[in-house]
Amino acid sequence: MPVTETATTKIWQRRDRNRQIAIWAAQFIAVAIFMYCWQLVSDKTSWFFVFDAPRIAVDMVERMVPPKWSYMETLWRPIWDTIAIATLGTLMAVVMAFPIAFLAARNTTPSTAFVRPIALFLIVSSRSINSLLWALMLVTILGPGVLAGMLAIGFRSIGFCAKLLYEAIEEIDETQVEAVTATGASGLQILNYGIVPQILPAFAGISVFRWDINIRESAVLGLVGAGGIGLQLSASIDTVSWTQVSVILLVILATVLVSEWVSAKIRHAII
Amino acid sequence: MSLQRIWKRPPMIKSSLLRWSLVVGGTFYLALALGTMEVNWGRVADGLPRAERFVMAFFPPDFVSKFGAIMDGIYESLWMTVVSTVIGIALSVPIGLGAARNLAPRPVYLFSRGVLAVSRTFPEIIIALFAVKIFSFGPFAGIVALSIGTIGFYGKLLAEDIEDMSVSQAEAVKATGASWFQWLNYAVQPQVIPRMIGLAMYRFDINFRESAVLGIVGAGGIGATLLTSFDRYEYDTSAAILLIIIGIVMVVEYSSGYIRKWVR
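Taken in order, these protein sequences are the chains called V and Z.
Counting from 1, one number per residue, gives the positions in the first sequence under our numbering.
Counting from 1, one number per residue, gives the positions in the second sequence under our numbering.
Note that these hints are calculated values from the structure, not bench results.
Not one of these hints is a red herring.
Looking from chain V toward chain Z, a few residues come up when the C-beta cut is under 10 Å (computed):
#	residue
1	41
2	49
3	53
4	54
5	57
6	83
7	141
8	143
9	204
10	217
None of these values were measured; they are calculated from a predicted model.
Positions of the beta carbon are idealized from the N, C-alpha and C atoms, including for glycine.
All chains should be modelled from the sequences, with the hints used to inform the complete structure.
Laid out in structure tokens, this is it:
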């Protein structure tokens, strides 16, 4: 605890001098970087449009009400597709993430020098590429449609699920594994009876969590033609049918809220 | 008569009725979902040679011929990320404080929670779609979208962290007669800041990845360059861009580990 003593009194300070100076320096650099970046933004922005924005926004909202509820009839199929993309994609992802997680976890990987880096690279590349980018690629390859969307969601989610799962595997209780090993179990039996039961709740939780995220993501995949409700959204925006847009937005909001509620319930039941 | 007892491991879901209805219902739904999926297999077969070309484009990727365009895009994505992360976090601090149940009065709490729920529901790309309509094309629209996304993410986690903080420390500082702001600065802030800096780095990472797609709807960043390269079938350039994105995400992830250690 840094305390400076003047002639008569002791003054408490939260940090000693060097640490305080380091923090000030870091803050100064951060502000400088921000100001520089803001300058670049400002150069590329036509401020006239920004100052005009409130009027446009009010105008847009006015055109959106009242929502054209009759449009709902054509939306049921896209909603079904959106949920199917998210569910099947998540399923595909967890099936593939399961072995990758075992290869990436430090305590179960067959070789730390060779297999583990490959598994980690797979995880990072799947995670760094947004599902819309995956969809963009898959649409050029497979053509527009639900299949491309499902695979895009799947590829994007592998990394996410595998990362959380391998962290769970690294945190397991080793004594249980030892106990199973002591019975003379084979490698696969150890996996099956020593490790898998310990990570199963985490595994189920991760899957449901990702499913919830995927509902949100599959709602926008239609923007690049990969099926789901995003297709109707971009079509309605392009044809400036704002009353349809508001219906779609409300539908997305409702779907997301319901899926969030479902996933919270399931995770609550598991943990 | 030999009594043989065979051990079976206990199932994860205890009630067998619930377990079997979940299995049957799940299978039924999956069959239905797969059955209603319309796949144009002819188009898929046509596309497969393209898949091969696409994979081959990674060996080697073409960093050189569109170097200027790629660098402009990456650079724009990076500064969009910096600005939107800073603005988003700056705005999410008051909202996060308001959304912490142990800090804020009831009406403020409900209002802040409402703001967080709305900004979390819509994906950044949909917000960007509307931001482009309102603010016209360009990075400003992207920054608005990313900042709103950041508020929802960061504000919620900040509020939860404040709700979980140790009450005894907060009481100790309050007992010295500290004012509200002193209390916030010396009791609340030190407890939440290490985790919050880690989360800020994580959000920076997310914002960078998101900024890579905002270009698809015209909101600036590397996405526009990427989309153009796809449309022009220049897959080797796309491969280069994707590799750069992966590289930057890896760098951010590793350096965030170091920064977190330094803060602690």
